[in-house]
Each structure stands twice: as C-alpha cells, then as structure tokens.
Amino acid sequence: MRAFAELLDRLSLTSSRNAKLTMVRDYLAATPDPDRGWALAALTGELSFDAVKPAFIRKAVEARMDAQLFAWSYDYVGDLAEAVSLVWPGRPGANREPALSEVIDGLQSATRAEAQGRIEGWLDALPQARERWALLKLVTGGLRVGLSSRLAKQATADVGGVDAAEIEELWHALHPPYEDLFAWLEGRSQKPSSANPARFRPAMLAQAIDEAVDFAKLDPADYAAEWKWDGIRVQAAHEGGVRRLYTRTGDDISRTFPDILDALDDEGVLDGELLVIRDGKVASFADLQQRLNRKAVDAKLMAAYPAAIRAYDLLQEGDEDTRTLPFAGRRQRLEAFVARQASPRIDLSPMQPFDSWEALAALRANPPAGDPQVAEGVMLKRLDSIYEAGRPKGPWFKWKRDPFLVDAVLMYAQRGHGKRSSFYSDYTFGVWTQDALGQRSLTPVGKAYFGFTDEELKRIDKFVRDNTIERFGPVRSVRALPHEGLVFEVAFEGLQRSTRHKSGVAMRFPRIHRIRWDKPPGEADELAALERMLAAMEGR
Amino acid sequence: MIRPQDLLCPRPEGLYCAPGDFYIDPVRPVDRAVITHGHADHARAGHGAVLATPETLAIMAERYGVDFAGATEAGAYGQAVRRDDVEVTLVPAGHVLGSAQAVVRWKGLTMVVSGDYKRRRDPTCPAFEPVPCDVFITEATFGLPVFRHPDAADEVARLLRSVAQFPERSHMVGAYALGKAQRIIRLLREAGWDRTIYVHGALERLNALYERTGIDLGPMAPATTGSKADFAGQIVIAPPSALQDRWSRRFPDPVGAFASGWMQIRARARQRGVELPLVISDHADWDELTATVDELRPGELWITHGREEALARWAELQGIPARALALVGYEDEGDD
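These protein sequence lines map, in sequence, to chains A and B.
If you're matching positions, the first sequence starts at 99 in our numbering and goes up one per residue.
If you're matching positions, the second sequence starts at 2 in our numbering and goes up one per residue.
With the rest of the complex left out, here is chain B (with noise of 0.2 Å):
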C-alpha cells in the first residue's frame, strides 16, 4: 500500500521527496530543487541543482547572478522529467510569470503541489491548469473567508478616477517587484493608459526581463529624474516600502496607493497609511482556493501555508480529509 507521505512530506528544509530525492521550494540549500516560481521566500540561491520553468530560471539567474546554483535544468511546462523513480511535471499556476505547479507521479499515485497560485487572468502568464490527482498540495495565503477579491480591472478602474480627481497629485502605486508590479503596468495598458509610467529603480531588471520574454509594458520611465512638478497627473509604480520612504518626497502630495489582496482589509491599509488600497492580488482568494479544491476534488487536501484552520474546517465540512503541513518559511503577499 502506497501512502503519499512515502512520496512527499514536510521536513525543516521544505516539502522533500525522498524517492526522487529532491525538496520543492526549499527554504534553505538543499542538493536538488525543485522552484516552482522566482518570488524569493520560494527561490533561493546556493543549491546544488535545480528544476524550474526557463522563465523562473531567468528571474533567479537575474536575482541572484547566473551561478545561483551548481547545476539547472530547465523544464518547460507539461514536459515530463524524471527524478530517479519519480516523474516531475511543472503545470501554470497563473500567479507570475515562469510559474508552475509541481505535479509529481510514482506508482500510480499522483500528487500536485500547487505553489502560489491563481485563477483569475493574468495578462503576464499563462493562467493556472488544474491536474486531477489524489492529493493536492495547495497554498493559503488567503485562506480566510474575508478574502474575496474584487475584479483587477475595476481596481484599476478606480486608481484612474483617483488619477483624474486629482490631477495635480502624483499617485503612487506599490506593488511587488516580480509579477505585481508588470501585471498592474499591462492592466493599466489594456485601461488604455498609455502615457510613460514612472518606475523605481528596483523594478527596472525585473520590468525588462518581462519585455525580453515578449510582454510589452509600454513607455516607462525612470522616476528619478525631473523635477516634482514634472510628475503631477503621473502614475509611480515603486516596491510597496517606498510608499512611506523619503523616496517619496520627490513626488507632488502623492497619493499613496498598494496594490495587494490584504488591502481587502481596511486597517491594513489605515497602518500603512495607504489613502488608495488597490484590491489586487496574484494569490487565489477565498473563492478562488475552495473552487478550485471543489473542481479537484482530491482524495486528500494538504495545506503548505498561510491561514491553514479555516480552509481545513472547510474541505473537512466538505467531506475532503485535510492536513495543514505548517510550513515554515513562506512570506505574506507584499509584507515586505
């Protein structure tokens, strides 16, 4: 009888399989990897070899340095690999760009590890497949009912009505360097918004990377030069601590807006002292993560991290048997 924890199961480093003998998104270095995507708390330089998308080996190649690690292998989605006995397959997860749900097979037996993931579109990555299995491995950032995030296009919606309430104001929008910050730029294109956008110098490598890989972003510019008059009526995207940096001071009376799912909860924004929360996230909302197990429907759930209790009580109220794995190591969207 094959039990899934003979396959996959939690160790200090990360979620290790002892047949392949490889850890997914281990949080500390390990001989063989596997990465399901380039956010840093998931991937992290210094191991021995690693499979990942080709996108997400750019992103940590662009990191951390092309020796990032002893060896890479790049597998392009869908393609099988093997790892000794076992057969590793990387899946879109639709959360940023090069990432993929790590789906693993031996003996019959078939478990997905979805990473961070999402099912709305995303103008910058293909959008999440789901792979049935017998045990699905699913994140919870946001696993709490109060979760519930509104369409990205309306929020960006709402930061053009502020953009045009206020003209001589800058707005200034922080947002996650890889992924957020280029899927707010294309969302803000497809609203038509077509004058430069004004970037933070911490964003520049990873805008451009996006570019080489075909995702135009339109004109942008660094938001260093000129003068504070010159940025009135202009839109700044910056890494979210900027907002409330000296940084910002070069900009007229900026409205300070975040583009995050926790903003969905208004004293988080009150703390930061963000004027304009942009309800916009690359993590799967409440809906989002009990749908998706729903369409699954998986002979077991296991819950890697974020707010484990209450998507266990409901895949349990579900008749699903589900185990929070308590993984440590993996960051909050955006509590940088």
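One chain only, chain A, in its complex shape (with noise of 0.2 Å):
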C-alpha cells in the first residue's frame, strides 16, 4: 500500500505528462503482481468502488476523537478523505499493514457491513496519513488524481517496450491484476489473446497537412476528401452478440448511448464521429455536451438530444476484418453496410469530390450548405490505404478550417504549473465593450496558455511583471489602457453562448495566435465583432 500510496500522492501533485509517465511505468515496473495489475485497474476505472459513503466515515472518525476537534479539522482541510486521513488516531502494531491486493481482495469478498469493518481495521493498520489518504480514495470511488486511462496505458506499454496500441487493442480481453499482461510485457510468456468479442480496435489517425510542404508532393487523384466532424470519434462494435462504443482511446462508453447500439443491426465495427442530430442536420457540440459523461441516460434525455454516429470507416464485416483492404474497398462496404442499418441513428460521412487542390481548397473556405457549413474541416484519405493503427504518416490528413482570429488585450496572468511555475504563463484577455453613455472598458472573453515560444514567453512574463496593477495570489492584473498594454492576436475554432461568461460568449480552444508589441490597445476589437461571428455560425 504504500508504494501504491506514494504514486497516488506524486501523481496528484505533478502536472507534467511526462513526469507522470515515468511514476507510473517505474511503479508497475517495481511493484510485484499482483498489487501493480490492481493498481493499473484503479488507475484505468476499471476499478471502482462506493464501499462507504462520506457519511460512515465521518461516523467513524467521530467515534474516535471530539466531534469538535473533528469540525474544526474537516473545516481547515476542507476535503473529507484528506481531513480524517490525517486525524485517523493510528494504532501502529495493531494490525499487519494490509498490501494492496489484500484491500482488494477484502473488499470484493464482503458485504457492504462487513466491508466498512475491514476499512476501520485497515485504517487503524496504515501508519501513513499518505496511505490512509489512499485508501480513502480507493474506496469511496474515483481516484482524481490527474492520470487518465490513456496515460496509464502508455506507461504499461513502456514497461514492455511496446507501442500503446498493442495495449489498447489487447485491453477488453483483459481482466485484472492483468498478470498474463505483465508476463508478456517482461517477456516471459506470449502476448495474452485479444480475440474477445466487440473488443476495440486501435483507432487510425491523420496528420495535420502542411500546406506549405506537402500538396506539392501529393497527388489529388490519390485521394478521397470527406468533412472533419465537430464531435467526438467513437468507435461501434457489434460481435458475437455483444455491442460496445468505445471513445478513440479505447473507453467504454456503451451504457450512455444504448439508441446507437440498439441501432446496429448487422455485425460488423464502425469507426465513425459521435454528434447529436436532429432531422439529419448535425447539432452543436454544446448539444453533445448534455449527452457525454453520463452514467445513466433516460428516453426523455435521448429525445432530447438524439445521437447519432456518421460513419467513415468500415473495421470488421461479420467475421471478417476489413482493416487491411484499401480505403476505397473498405469504403464501398460501408455505404452498403450504412444502408442496411436503415437508421437514422448511423448515417454516412459523404465524400466530398474535388479534381484539383485548388478547388478543394475554395470548398474548405466555403463549404457548400447544409452540415458542411459547420464542419471542422475536411479530411484527405489515400484511396490505396489500409487501416493502420496509430498516426501513420502520408495515408490520412487532415486539413483543419482556418481559425477565427480576433485581437485582444492581456488583462490578467496567471502563474503557470510546473516548468513554467516561475513563469505567468496563462493569460486571461478582453476585448471592448461600450456602456450607454459610450464610456469604453475591457470584458474577459477568454484565456490561453500556449501558442507561444520560450523566448516570447519569457518577454511576455518580463512584461507582466513590469506592468502589474494588483497580486491577488497568484494572478496579476496587467496595465490594460487604451495607450498602454499588450495585444494578442487569439485564434480559435469557434465560439458557443455562455451565460457563466459575462460577455456571454465563450470561446473553443482559444490560444495565443500572435502578439502585437506593435499595437496600442485601443485598436484592439469590440465584444460586437465576436457577436457578429457567432451570428453568422448560427444564421447558417
């Protein structure tokens, strides 16, 4: 428990991606089975337990010391896990500290009573508040420590050496403490089986294109363009019975969309984009929102919000993978496929015909009307290609709409997270607004923290501090005057009405497009040019 305990604690401190790779492969690659499978299956979701609710615990811990005392601590900590891991009276010697596995073990044999007394046992056992801490977090569901699946993925993959698809694909064949995994990752046994019905195939991704370098090389007749969805990739799996929808990584996310599952008749996995549409007309991502990160979906609230896949790819046909035909067969099987469905649930990405880059390029800067005018994008395919998992490069591209960009000015900073903790790295900027009596003054519309290199970086921090107004913590408020301050050209894919916003717009993944040292802030824009843009994108 109490290497298991120390990761946890390291991981919910550390921003860095790559830190936490290696905490988390030196951890599996350290920890001896089974404690590290069970550890991969908490650190996955695969695991999750309510064994207790906050209530007993608080009861617990009361029964132990002064509920006053007690009051007094939860309220300075604020966290009720971290409040009585800390104050948990220890009764070292009392019992063996339990391993990880025996948590587990414990905790999958009990009753729900019988349960809760083991957990007093095992806090009175653990000496760390650290591991009691952990504990807590195992047990009452949800480790939110900052890892995601993915992430643990790829560092179970480094242990082997292994790329993460392997992993990704081998996934819902596996079952925890995943031993026959690990034996493989250290080589010593062969890679466990993946043939486990409707499991998920590792997703196929495109480079972004390079204009400037990479139409000169390439072919138009090679290629197939299609629209780049504003939604999420899924991928459906109908097999041997069993239906599944998995995210791009590999997550299930079956049980929150039963009406597409229920819509895929025939046998075969689709590889296609999740979005909400209503008489065959694509909503906005805002309306996929309502549907995503539910654990239980009900009829008023698939009403509501219909979801549906558009399909472009065709992975497994009956009993057969298709993956390794070219596009264009692949292609032809779909549209079939798509057609037997006869559903309004599945419908098909339609390809968009071109015959020179130029033309395409006029198409992408006005696309046709209909759902295209809402498209990210569009998406190029070589018609020869087979599907391969992972970003292969030169098979698919994606060529992204150009960003909306408007100028802003810096009105607070923020200090950045790690590496850049010495840094104000995040900007929260405005542009104008006017009130009745024509007096000008700045609103937040967003904040950014990337789309800058070091060097700016550093001239932007450099500014910061030399121009604060006010510290509250660790943010600044910046000089931000008609004649005096900094603008940055933002970019950004869209925007969506908020009304926790006090512009009320909000903008999607907004970053630093430019900074114009140059520009006096009293040129920069006005609220009204971001409500133009969000009335063209609705009056489409």
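Just to be clear, a hint being listed does not mean it is correct.
[To be verified] Distance condition first, Cα-Cα at most 20 Å in a straight line; then the derived SDA-like pairs of lysine to any residue:
| # | chain 1 | residue 1 | chain 2 | residue 2 |
| --- | --- | --- | --- | --- |
| 1 | A | Lys560 | B | Gln245 |
| 2 | B | Lys229 | A | Phe313 |
| 3 | A | Lys556 | B | Lys229 |
| 4 | A | Lys517 | B | Asp246 |
| 5 | A | Lys235 | B | Gln245 |
| 6 | A | Lys235 | B | Ala268 |
| 7 | A | Lys517 | B | Ala59 |
| 8 | A | Lys556 | B | Arg250 |
| 9 | A | Lys517 | B | Pro55 |
| 10 | A | Lys235 | B | Ser242 |
| 11 | A | Lys517 | B | Asp231 |
| 12 | A | Lys517 | B | Arg250 |
| 13 | A | Lys560 | B | Arg250 |
| 14 | A | Lys556 | B | Asp246 |
| 15 | A | Lys560 | B | Asp246 |
| 16 | A | Lys498 | A | Phe313 |
| 17 | A | Lys556 | B | Pro253 |
| 18 | A | Lys560 | B | Ser242 |
| 19 | B | Lys229 | A | Glu553 |
| 20 | A | Lys517 | B | Pro253 |
| 21 | A | Lys517 | B | Arg196 |
[Stated by the list, open to error] Now the stretches of chain B that chain A is said to cover, found in silico as 3 or more residues with beta-carbon under 8 Å:
| # | stretch |
| --- | --- |
| 22 | 138 to 148 |
| 23 | 262 to 269 |
| 24 | 274 to 283 |
| 25 | 313 to 324 |
By construction, these hints were calculated from the structure, which means they are not laboratory data.
The beta-carbon is built from N, C-alpha and C at its ideal position, and this holds for glycine as well.
Put the two chains together into one complex; each comes in its own frame, and the hints tell you how they fit.
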C-alpha cells in the first residue's frame, strides 16, 4: 500500500505528462504481481468501489475523537477523505499493514457491512496519513489524481517497450490484475489473446497537413476528401452478439449511448463521429456535451438530444477483418453496411468530390450549404491506404478550417505549473465594450496558455512583471489602457453562447496566434465583433 | 496568594515579567528582553539588553550586526540567571540551534515559556527538556489534530527516491534559512547523500555559523555558478520564496520540493505549485503538543500563538485549565 499511496500522492501534485509516465512506469516495473495489476485497474478506472459513503467515514472518525476537534480539522482541510486520513488516531502494531491486493480482495469478498469493518481495521493498521488517504480514495470511488486511462496504458506499454496501440487492442480482453499482460511485457510468456467479441480496435489517426510542403508532393487523384465533423471520434462494435461503443482511446461508453447501439443491427465494427443529429442535421457540440459523461440516460434525454454516428470507416464486417483492405474497398462496403441498418442513428459521412487542391481549398473556405458549414475542415484519405493503428505519416491528413482571429487585450496573468511555475504563462484577455454613455471598458472573453515560443514567454513574463497593477495570490492584473498594454491576436475554433461568462460568449480552443507588441490596446476588437461572428455561425 | 499573572502577563510588546522587568520575545524594542531563539519574529533588533543562549546571540549578531542590542548576556543551557527577584533559566527547546525554553521562577512559582519547540530528534540542536512547572506556556503553530508530521528520515528518503527517478532534473528544496535548511542538509548526509549540495546565497552565512559551532554540513557550493546541465540530478536548497522566483530558471526542469509542516495539507502544496511536499517541521505537531502537556501535567496551560482553540479544548477535556493569550506578531513557519 505504501508504494501505491506514494504514487497517487505524487501524481496528484504533478502536472507534467512525462513525469507522470515515468512515475507510473517505474511503479509498475518495481511492484510485484498482483499489486501492480490492481493498481493499474484502479488507475484506468476499471475498478471502482463505492464501498462506503462519506457519512460512514465521518461517523467512524467521530467515534474515535472529539467531534468538535474533528469539525475544526475538517473545516481547515476542506476535504473529508484528506481530513480523516490526517486525524485518524493510529494504532501502530494493531494489525499488519495490508497490501493493496489484500484490500481489493477484502472489498470484493465482503458485504457492505463487512467492508466497513474491514476499512476501519485497515485505517487503524496503516501507519502513514498518505496511505490512509490512498485507501479512502480507493474505497470511495474515483481516484481523481489527474491521470487519464490512456496515459496509464502508455506507461504500461513503456514497461515492455511495446506500442500503446497493442495494449489498447488487448485491453478489453484482459482482466485485473493483468498477470498475463505483465508476463508478456516482461518477456516471460506469449502475448495474451485479444480474441474477445466486440473488443476495441486501436484507431487510425490523421496527420495535420502542412500546406506549404505537402500539397506539392501529393497527387489529388490518389485521395478522397470528406468533411471533418465536430463531434467525438468513436468506434461501434457488434460482434458475437455483444455490442460496445468506445472512445478513440478505447474507453467503453456503451452505457451512455444505448440508442445508437440498438440501431446497429448487423455484426461489424464502425469508425465514425459521434454527433447529435436532429432531422438529419448536425446540432452544436454543446448539445453533444449534454449526452457525454453520464452514467445513465433516460428516454427523455435521448429524445431531446438524439445521438448518432456519422460513419466513415468499416473495420470489421461479420467475421471478416476489413482493416487490410484499401480505403476505396472499405468505403464501398461501408456504404452498403450503413444502408442496411436503415436508421437515422447511423448515417454516412459523405465524400466530397474535387479535382484539384485549389478546388478543395475553395470548398474548404466556402463549404456548400448544410452540415459542411459547421465542419471543422476536411479530411484527406489515400484511396489505397489500409487501416493502420496510430498516426502513420502520409495516408491520412486533416486540413482544419482556418481559425477565427480576434485582437484582444491582456488583462490578467497567472503563474503556470510545473516547468512554468516561475513564469506568468496563463493569460486572460478581453475585448472592448461600450456602456450607454459611450464609456469603453474591457470585458474578459477567454484564457489561453499556449501558442507562443519559450522566448516569447520570457518577454511576456517580463511585461507582466513590469506592468502589474494588483496581485491576487498567483494572479496579477496587468495594465490595460487604450495606449498602454499588450495585444494578443487570439485564434479560436468557434464561439458558443455562455451564461457563465460575463461577456456572454465562450471560445473553443483559444490560443495565442501572434503577439502584437506594436498595436495600441485601444485598437483591439470590440465585443460586437465577436457577437457578429457568433450570429454568422448560428445563421447558417 | 501568588497568582501566575503577577509573574507573567501578555502585553502588546509580548509576554511581560513585572517582578523581573523584562519581556520574553518582544515584537517591538524594549529595555530588557529574554529571547528564546533566533527566528526573526522572536528575535528582533534594537532592545536595550538581551539575555539569550550564546548560539542565539551569535545568530542575532550574524543577522543584525554585532550592535543589535545595547547589552547582551549569554545564558548557557541550565544556568540560572537573576533578573531582580526572578530567576531565569534557559533550557533546550529542540527547535533550532540555540533555541531555549525560558524557565521563570519567583517565590516558589515556576512558569515555563516554551518558545517554539519540537520533541523529535534534530541533528543540529539538543533535544527538548521537559521541566515540571505550575504553568506551561506553549506555542500551538500546529495545534490541530490534522498536523501529524511523519518521520523526517522517511521524508528525506522520498526526496532521494525522486532524485533517482528523475536524474535529468534538479530538485529544489525550499527550506527556512535558519534551522530547517541545516537540518535538511544533515538529514541528507545521514541518509548517505555525500555529493555537493548547492545552496542559495541567503543560506550561506547561517550555514557557515552552524559549521563554526561544530555541525558538519559536508560539501556545499553556491547555486549561482555553472551551466544548467551541471545541476541535473543535484539537490539545491533555497528559501521557500525562491521556488517560484525567476531565480529557479537557472536549473533544469526543477522539481519543486518544500520542507514544512504546512505541506501536510495538499491544498497548501498545490497552491504553491509544490510537486514534492516534504512534511518536515521544526515545530511540535499535534501529537507532540498533547504528549508534552500530558507529560508535564501543569496546573494551567497558556497558549501563546498558533491554533489555540483546538489545543485549549483538548486540555479542558483532559481537565487542565487552558487559556489562549493570542499574542500577535509571531509568524507561521515558512509562511514567508
């Protein structure tokens, strides 16, 4: 338990992706079976206990100490699991410290009442607050230490020096504590079988096209084009009577979208975009968000936000793995497959014919009427490309729409994390508004923390320090007057109406595009300019 | 009938002893002062006369210059000194080099002012000596049951594990310049770290003073020379404020560590951007505070500063009358 607790503790305070990978990889490499497998299951969200409720923990601690002293402690710490882990009166030597696997076994084999008794016993036996904290995180469900299951799988792959896609393809055929997986990663046995009905197939990803270089080398006749949809990439599998829906990293989201899986009559595996589609028309991403991250859905929600898959590839048809067929062949089969399902919940991402790169560029700049108007850009797929896991260079490209641009004024700067903790690297920027008397003031419209080079960061950091008006903890407000201040050209992918933002608009994916050292803040954009963009987006 | 408040009572300047006409750790200049230890909030410059341990006097001279007070008197540990009708004895408090409790005796009444203290082993100063007394006047910086400091050696072991895990990065340990920094260095030496430890300029004079008193800190070098790559895999000790300062940019992708009792609370670590909190404190934690009161069983417990209400409640529950003095002007550890 000690090593696992130390891992969780460090993960929760580390922001660097590479550092997290190192920590998880080292833990998995150094920890014996079965503890490491149970830890991996907990980190990937495969194991989730809600063995006890907060009220039980509170009662248990109040039986051991003065309630008033606990109330002050909880009030000071602010987090129940943490407060309890700190104040729990240790009974050193009361019992042997449990290993992680003993805790898991103990919880799996216990009734709720038994589990509670065991948890109290373990809290007594664990000598360190950090370990008690880890135990409480584990038994109350959800570790929330800032580690995605994808990153945990990457770290697992690193243990054996294999590709993460291999782990992803195997993943749904494996069961905690994954002893067969680690045996293979350490070269002690054969690769475990992935023959598991409706398993996840690792996704093929596209490279971003480099307009200046790539088009000169590519022949338009070798490629098919289609629109890049603004939803989330999913894989729908129906095999051996089992139906599953996965995200592009292999997280199982079947329970959230039963409506889609019901529509998948034939056996096969589809690759496509998850969207909300009403009367054949794509709804906004905000609508899709109403359906995501829900454990359970009801008929009302499904009717209000009808989800669908816009399919663009077929990885399996019946018993046949189609991934080795060329794209053109897969596409023909896909069209027939989608037609057979005959459901508005599964439609086809149409091809966009074109005869030259110039013609495609014109289409991308001015998409035809209908759904292409809200597309994020276009996708290019080589007609002869097989379906290959990962992000191979050449067969598939994404060519995103040019971002929207706005000139905004730096208003607040916040210290970054990790490597950037000595820099003011997170910027809140605003645009001008006018009140009834014509008085102009800045209203914040977004926050960005990338898009600049290290050299530029140093220069902005110096600007922030030299132009600070007020400090609030890690945040500084920065001088922003019509003739003094700093203007950013901010790029973003779209706008949404928002009641949570004072300006009434929220940007999608904003980043610093250019730093306008030369531009007086008074000449930055007005909120009205953003409102016009929003109206144009909505009025398609 | 002699009442404790006739011997010691709180005043805006600090705890005042009327029959001896002196203050203990006054926060503003007074004629006569007894100073428990060298931290800036307890030991200020400009008093008429100062009684303190020789080590504390040396620390004050190092920080403020030799003329920091009109007159000084060195009181060695255990040696009784008279101030008018009152006898004052300085006894080890285990907080930092030279730190003392002030044992004040008058007409058969014994009151002990703990100053700041801890009960754990510290390789840089003698251990706290419990003195039976009628009134124990304690600090309560960590006077809440959530503060329970782990073994400092385990914390240093965590630091060394991280150094081994990230050999391409440097580890920057924020530590208070007086006491904590030297204790961390000694703990690292005890754990077998015999490489050069790089130190911030603000630590150099106190490090030299510790070494002059016979505490061997091993090979050290200023953290200001050398290229970025030279600091990969190295340990750098600096005042806590330097962690997020531009000063830290000279090091390769530094792992920010901070050695403080406050690091027990995750939100505190997160707030300061600390990646590796080291729960190492020179103050008594909750268990030490309560064990000390339990051991001494004083007739009354007075609490000078910190989280008084929880400790006062605990004492009342044990049947020991407690009183919070709410002295102002003493800072929390490491909150600089």
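Sort out which numbered hints this structure fails and list those numbers smallest first. 2, 5, 7, 9, 10, 21
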